[in-house]
Every structure is written in structure tokens, then in C-alpha cells.
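Residue numbers (my numbering), protein chains in the order written: chain H, 1 to 535; chain C, 1001 to 1243.
Where hints are given, some of them may not hold.
[Said to hold, decoys possible] Partial chain H-side listing against chain C, Cβ under 7 Å, derived:
no., residue
1, Asn-2
2, Met-130
3, Pro-146
4, Tyr-150
5, Phe-159
6, Pro-163
7, Met-185
8, Gly-193
9, Asn-229
10, His-294
11, Thr-532
By construction, these hints were calculated from the structure, which means they are not laboratory data.
We treat Cβ as the ideally placed atom computed from N, Cα and C, and that holds for glycine.
The residues making up each chain are set out below.
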Amino acid sequence: MNGYPAEMRESIKKVEATRMRRLDETHPRMSMEERERVLDEFHPDYIEERMRAVRIGVSKGQRMPLELAEIVEGRPRVSPDFDLSEPTAETDVLVIGGGGAGASAALLAQENGAQVIVATKLRFGDANTMMAQGGIQAADRPNDSPAIHYLDVIGGGHFTNDPDLVEALVMDAPYVIKWLEDLGMMFDKEPDGTMVERHGGGTSRMRMHSARDYSGAEIMRTVRDEVRNREDDIRVIEFSPAIELVLDDRGHVAGAIVMNLETRRLAYIKAKAVVMATGGGGRLHFQGFPTTNHYGATADGVVMAYRAGVELGYLESMQYHPTGAAFPEQILGQLVTEKTRGLGAQPVNKHGEQFVFPLEPRDVEAAAFIRECEERDNGVLTPTDQPGIWLDSPMIEIIHGDGTVEANLPAMVRQFKRFGIDITKEPMLVYPTLHYQNGGVRLKPDGSTTVPGLFIAGEVSGGVHGHNRLMGNSLLEVTVYGRRSGRSAAAFAQDATVGQPNLSHVANWNQELDETGVDTGVVSPILLPDYTRHV
Amino acid sequence: MDGRWGGVGVTMEEQQEDLIPVYIMGKRYMVPPTLTIMKAMEYAGYTLIRGVGCRGGFCGACATTYRIKGDPKLYFGLACQTVVQPEMYLAQIPFFPAQRSTYDITAMEPTPATLFSTYTELLRCLGCGACTKACPQDLDVRAYMAAGMKGDIAEMADLSFDCIMCGLCAARCPAEEAQYNIAILARRLYGRYLAPRSEHLEERLEEIEAGAFDERLEALKQLDRDELVERYEARDIEPESGD
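Bound-form chain H, shown alone (with noise of 0.2 Å):
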């Protein structure tokens, strides 16, 4: 593969002809009235057409993408008659769910004294964890504070977060790195010891934690290792996602129908306490966009939780990350880690100038790329009309020293090398892409639901970003809230009996659909995107 075409190569050489100009020149943040009027116009969620009210269950009137309501409202996959009667395993506590959220919980559900099962669609490990680039928020330098952390978050979330949920988020933060530190997480550090800490979007204070870029990564296999290494208590099922929770008759959760992906078997796990982590449904692809999301993120958590009568919450809001790449096609939507710009990668134009600050929080910068493409026509266009911004890589090495960018930014040096793009030496071409479900599964700080015995933890919540979530703070949140929810789960199961298991839930769920007429025509959750080509 041989890189850029000619006519993008006309422009990256007026991006050339900027940059030493631009070494000394940052262009300036935004007033908070000018956030709100490029949001409004040109973010995503602001576009009304394409979202709507949910028409059954106890949040009706929530609204949301299309896509995700069209999977909300759907048909169960299970009868309602299926027998119970025979669970194929039981257990203290089942964790729905192998990414980072539900390794975490698994951990310390064991650590408390439970039996676990790991129920997960794909293999473990196979989630966005896996794939977050940049890193963890916490605030353990001297000049943070919890107290600065919990500004930032709600000030990125547009002051609609939910309290008591980013305390616990802030107040955990530097407690989960020292906890990954101890399983073994190689953070980025000085010879002293020093956290190598950098900004992200959004944030006062330089408080993102790194493993290069492969932070996700480097959490994902710690915990899945440790994980693995307790297999005398943590049983992991894989190619094996829940369809559906089963409840007693009490109204307590007791435990989960799961499906074989690949003998399509169903079979009842029966659990004193269930911990939901099955993450965000970026694989929905609301309102057509391209995703940064991993193959098996469908949704399927909030489907789940809220036939059992969970309240959702900040659905109406997703995340577009501003940095997904643009070209080549290949990987068009792949994540571009925010850290590029955390390192002094500045966003620029088609004549190489600046146009936004680098690093406003997520939605913002995304919509002021938008902005930059649609209203002003200073996108640059690949063959295939797809519109982008110059993300000029190359400034990191001048700023930094030769080098740096191999150092920090491996996975993305990979990434382009493969397609003849040499990021130290040429920019990248960026555009928007779906990242991130802010909302989701209504919880509190412990993790509990309305829902006795039903625990929630990591991307498949909503509350605690609001209605947008910085850089850094879902490693943080999969990791606090997989602790709190692990922890929470095998203290309900200590004292916990289950009643008659039952799946009356789903029989009203059915009933509801007849009586509003509500029919979307699909069956939920439906577990992986259909990419065959259809002829």
C-alpha cells in the first residue's frame, strides 16, 4: 500500500508550510456559548429527525437514536415458557459480560467470598477496553485533587451527571491504579517512580495514566490474567452471551438465560446476584456513523435490563470521537488515540490552519470538525468523498525530540505503516466516529439497581458521565465501577436465597408490545451487527 494520493499530498504540503508558524500558536478555547451553539447545530444528537421517544416499559418517553430504539423495543428471544427448572449451572454470582467492567467484577466478587461465572459473548478480553488507546484519569499529584477531577467530569458532561456517582468515580480513581499497579499494569513512569501523566480533552489538570498506547489494552489483560490465574472460583463461559435475566418471585434477580453462539443451545444459569457488563452498542451504528467499537457491541445490556424493569437514563446522548480515521478505507471509523493531540498534534484544515482548540471536551471538538467540513467546505475530501482534518502528527517530534511519537504511540505508527502512511513524517486524515454510549442502565454508587441482586458496571450505565464523558474516564469507570459492582454483588449473595425463578417479566414485556401495537420487527438483543453482504 503506498500512502496518500496527489491531491491530498497538495494539501498536507500547505500543512507543512504552517507548522513551525503553528509550533508557537494554539488557537483558543471556546466560551461556553459558543460550545452550546456548534453543538446545537452540528453535533449528532442535536439532529432531532434521527432520535426518538421509547413507546413501552418504565422509561418510556426516553429518547434515543433510531437504531437504538428500533433494538429497545424489541421481540425477546426466549419463550417465556422455557423451562427453569433444570439450571445448567448455578452459581453465587454471575457476571454477564468479559471486558474490563466484568473481569474487574469478577475479581472482586471472588475476593468476597463468591462463586463466579463469566458469561461473554465473544472470547474474554474481546471489548472497547481492549481497545482504549490513551489512557486513565485519576488525580494523584500533588497540585490534583479528587475535588478538581469532579469539575472536570461534570463541567465535560455538561453539569448533568449524576452527583454521588462521579464522587465515587473521583474518590476511587487513584485507588484503582494502585490496584492495577499491583496485579502488575506496566503504567508509563520517570525513573523516580513518577506517573507520566498528560492532559486529555476537557481535563484542568495533567492527570491521564498510560501504558504507550496500548492503556486499554495493558488493563484488559492484567485483570483477564489475574482472572485466569483464581479458576478454582471464576468459571469463564465463552461464545456464550446472555439473552435475557430471569427473575423469582419476589421480583430478585436469578440469574440469566444464555445462548451457545455456536450451537445456538439456550441454557439457564441460575445466580444469587448478577452483575450486568456487557458495554456500549457502537456496533448499532446510530445515524449511519462509522465505529470505534468492537465487533460484539450491540446493546445488549440495556436491552436486558430494562425488559426487567431497569430505569435507562442519557440515552438521548452518544459520543462521537472527534479522531476516527478518515483514510485509508480500510480503517475508516478506527480509533485515532486523543492522546495524538495530548502529545501537541494540532487539528487543521485543508489550507493548514487551525480551527478549534485541540483538546475541548470530545463532543465539542467533534462537532467544531464537523462544522469545519460541512459549513465552511475546509475538509479535506479522500477519492472516496470522505470528508477530513489534519491531524499533523509530526509537530509531536519537533516539540518532544525524534522519536517520541514510536515511543508513545505505537499501536497508531502500526496502524498507518500498514497502509504506507509514516505518521512521524506525514499527518493524519481524522473525522468524527461513534465511540461511546454516554447513557444507559440507571445504578447507584454501589453499583445496585431497582432491580434486587442486579448489579450494573461500566459502558452499559448511564449517569455518571452525563450527557458527555471525557478521555480517560471509561478505564476508570469500567475498573470502579466492575470493583464496586463485584464487591456489592457477592455481599447481596452472602445472604441471599433465590425464590421460584421465572421469566413473567417477559411475558408482560410480550403483553405491552400487543396492547400498544408496538412492532418493530426485530428480535433482542440481537448479539452481533449483520455485515454479510445480502444478494
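With chain H fixed as given, assemble chain C onto it according to the hints.
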């Protein structure tokens, strides 16, 4: 869902004429030449369950081995990151039964003896380099195994850091090593025992234990929106460090 982002790229329609032949597990299919191996399989009609994960080159689920017709050389790559070529014979490795030891990371010493006793097969490495040739991350697997055989945990950890644990090295190894499982042991030993500790982190934990931030947090939680906006806009922003 219309397959736009998976099997069929946005511009595929106009490229129908330029299809190329590939062989998926021995069977011939015509696919557009711009697709990755993964998208070509979906274009051919496969609904992937095994051999697919993050689709972004980070998870190691789609380790693939391939050959080009007439060329005896065996090539390796990630299906989500490798573009198809004409006459490519493809097979994915859905699962590889690699040896993995269980251990208690809290009760170990970061010594060569720990590496050798946890993975006795480490010292059987022949140094042939088949692993290095197979690595889709272009890691020098042989070099990190050599570091391991010297008992140099730090070097093994550093050289293996970008490993995505896809298992191609183990699949090719004549000495039956599971290189990637040994490497994560080295990294965890390094991270827990050999990396310098963070004093500022320990100090912060002591402050939190002592309740140093409780009042400030509680006060912030009580503020109404306008007060929060005011506080947020008045934040002093730490300058970028120009290290």
C-alpha cells in the same frame, strides 16, 4: 443494518468489475480488492463468530495464516488489518490450545528462578525465530524469549509490551512454547515488583484515607448548576509540559 461498515465498504458498488479471487478455507470467492481479509470473508457471506473481535488490531482474535498461489512462503497477519491479494489462500486460527500456568502474583519473587519454575519449557527454546516471523505485530519474539532465558524480566517485559496475545507464535513454535503466556508473566512481575513505585500515589491514598477531600467534595455536590458553571469556568488550567 445494511452491512455498510462490515462486509461491504461504502464505495464497493462501483468496483464490482474489479473483483479478485481468494480462497477461504480452500473455497474460491470473488471479492473486491480493497477489502481487509475480515471484510472479504463477510462479503463472501460468512457471519463471523470465531476469529473476530475488536476489528481494530488490538485484541488478537483474528490471527490469520495465508499463502499466495505459487509461492511456498507462509504469511501471517491480522484479518482485520490485512488487505486481500489475488489468489490468496486464507485460514484463520479460531483457537489454539496453548499451555498456561496458574500462579499467585502476590507470592512470587521477581527472579529468573520464578520464570523458569513457572514455565519450565522456557529453557527449551531453540532460538529458531519461527515466532518472530509469525508475529503480526512485528515483535522480535525470539529476542524476548532470549531475554527470558537470561532471566532478564525487565527486558522481556519491555520487548513483549506490544503483544496482543493472538497465539501465532505458539502455533509455529517447534519447541512447543506459549511465548505470549510467559511474556505476560514477565510483564506482571515487572509491573508489580521491579518498576519504581509512585510516591505521589501513596501520598494521595493516605490523604484520601484521612478524609482530606471529603468536605470539598460534599460542598461541590451541593452546588446548583449556575454555581457549578461559575466554578468550572474559573478553573485554572495547568499548562502543557514541554518535556
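| query | Quick check: which numbered hints come out false for this structure? | reply | Structure breaks hint 1 only.
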